[in-house]
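Engineer: The lines below spell out each chain.
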Amino acid sequence: MKFFRNFLKGASLTTALFIFQACYGTGPDMMEPEVAFKVVSAQDGSPIEDVGVFVRASKSGNQEWSLCSYTNYAGYALVPTRSVSVPEPEFRFADEKGVYAVKDTVIADYYNKSIEIRLQKAE
Amino acid sequence: MASPVKDFLFRLFRANETRVHELNYLFWECTTRCNLHCRHCGSDCMAASKDVDMPLEDFLSAFDTIPRNEIPRGFTVVLTGGEPLLRPDIEDVGRAIRRRGAGWGMVSNGYFYDRDMHRRLMGAGMGALTISLDGLEEEHDWMRGRKGSFSRAVQAIAIAARERRINFDVVTCVNRRNIGQLQSIHDLLASLGVKQWRIFTIIPIGRAKDDPDLHLSDSEFVALMEFIKEKREHKESEMVVTFSCEGYLGKYERKVRQNPYFCHAGINIASVLIDGRINACPNIDRDLFSQGNIYQDNLWEVWNTRFKPFRDRGWARKGKCRDCPVFRDCLGNGMHNWHGDASEVINCHWRKTLQKSL
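In order, the protein sequence lines correspond to chains A and B.
Residue 0 is where the first sequence starts when you use numbering that gives the first Met the number 0, and the numbers rise one by one after that.
Residue 0 is where the second sequence starts when you use numbering that gives the first Met the number 0, and the numbers rise one by one after that.
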């Protein structure tokens, strides 16, 4: 049953079948991961948990930072396609605990990549 | 592909979805406080609700019963109410959901949705938003019970429609007073840059039950179907017009929305209601169909072991559904159309489509 479902879901002609909207609810927040970040300490390379990954358009369009994801215990955060569907997105990495300094960076070549981000300790 | 073959394949798909019943859409009725007094409200919300807002920690305790590896891509928590923007901790709510690997969205009347609120919600990871617009100024304000609510909703729509990083749509409850304005509403939304407009009708529950102005006649309903069908066939703008998945539509299936009718309540959709009850969509009869309570039960266990009335609709073969020729496609219509003692479906969309248009 699950195999049949996964097979259908993977076929491009039938993907839309799985996208629905409750009568009185919003559409789904489709978070297809496209870019994976690994956030580590610049000092010792150890992974940093609970870093918020934000994105905004660096050149045109809306200029609001939008939260995409948080890093997990291994420092990984997956960022969905929708969030980076702007030319040359600018990313912000903000440590919730404030131990590390906020880092903003423009990344042009991100599609299906795994990118390491090194954060410096906050002063 | 011929329609009978498509229908057959879709029934197979639906049966498989029912067996697998992946939870990927969770409503949270996070408040029943509301700044408006809508005539059609199914929740009977009011400014000073008797229910206190459910604490975020209580909801998260329930959510955390769902194993992380059972949260699929696109899992969406939908904040509903009441008016979710009345919660002062709305950003904390959003961040907590994001931190758990799920997306979140919100259904709002738009009254408090200004530029600053938009910035804050984006910063909290909002990924989906629905704002209601129930007519032009006079009709919307009449429906919403507050002067000025139209202009606030239009302002909110203008802000949200420019944001490409959210799945945004506008919903309109069509009733006897605004059905003549559909083209004007269409043009207004298109001019604001809206890409998705969803239309639904009002079921006779809550405050709407005894208000004849709110309920379309059968021929008006057919006129509405024809309007949506025409808009989908001859696109006048980038905006896609859709009828909500509120019921089975017979000959209008596939003509007024992308996918055939499928009530996902209890199959992919659950809800945590204001008092902790576990149900499917919040507009489904709470006394009749609630499956447990987060204050006594484990949400994930309830999802996996209960919800039988949602997954086996054989019980709905009664009243006018007993010998209905379309039952195998309709399965007794949307679950929200069964209330009270559930002796009879209160709303049959299919029968309405058999009428002639105005």
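Bear in mind the hints are in silico, worked out from the structure with no lab data behind them.
If you're wondering where the values come from, they're calculated on a predicted model, not measured in any experiment.
Beta carbons are placed, not taken as given, at the ideal position from N, Cα and C, and that holds for glycine.
Take the hints with a grain of salt, since some may be wrong.
[What the hints assert, rightly or not] One-sided and incomplete, this derived list gives chain B residues near chain A with beta-carbon spacing under 10 Å:
#1 Asn68
#2 Glu69
#3 Gly73
#4 Arg94
#5 Arg98
#6 Gly102
#7 Glu162
#8 Gln257
#9 Cys320
#10 Pro324
#11 Gly339
#12 Ala341
Engineer: Now, for every hint given, state plainly whether the structure supports it.
Structural biologist: These are the hints, each one checked on the structure:
For the restraint placing Asn68(B) at the interface with chain A, the shortest Cβ-Cβ distance is roughly 13 Å, beyond the 10 Å limit, so the hint is violated. At about 12 Å, the closest approach between the beta carbon of Glu69(B) and any beta carbon in chain A exceeds 10 Å, and the interface hint on this residue is violated. Evaluation of the Gly73(B) hint against chain A yields a held restraint, the C-beta minimum of about 5 Å falling below 10 Å. For Arg94(B), the shortest C-beta to C-beta distance to chain A is roughly 7 Å, which falls under 10 Å, so the interface hint holds.
Contact between Arg98(B) and chain A, as hinted, is supported at the beta carbon level, the nearest pair being about 5 Å apart and thus within 10 Å. The closest approach between the C-beta of Gly102(B) and any C-beta of chain A is roughly 3 Å, which is under the 10 Å cut-off, so the hint is satisfied. With a least beta-carbon distance of about 6 Å to chain A, the hint placing Glu162(B) at the interface is held under the 10 Å criterion. With its C-beta approaching chain A no nearer than about 6 Å, Gln257(B) sits inside the 10 Å limit, and its interface hint holds.
Interface hint status for Cys320(B): violated, as the beta-carbon distance to the closest one in chain A is roughly 19 Å, over 10 Å. Interface hint status for Pro324(B): violated, as the beta-carbon distance to the closest one in chain A is roughly 24 Å, over 10 Å. Hint on Gly339(B) is violated. Least Cβ distance to chain A is approximately 19 Å, over the 10 Å limit. For Ala341(B), the suggested interface contact is broken, since its CB lies about 18 Å from the closest CB of chain A, more than 10 Å.
The structure fails hints 1, 2, 9, 10, 11 and 12 (numbered hints given earlier, in ascending order).
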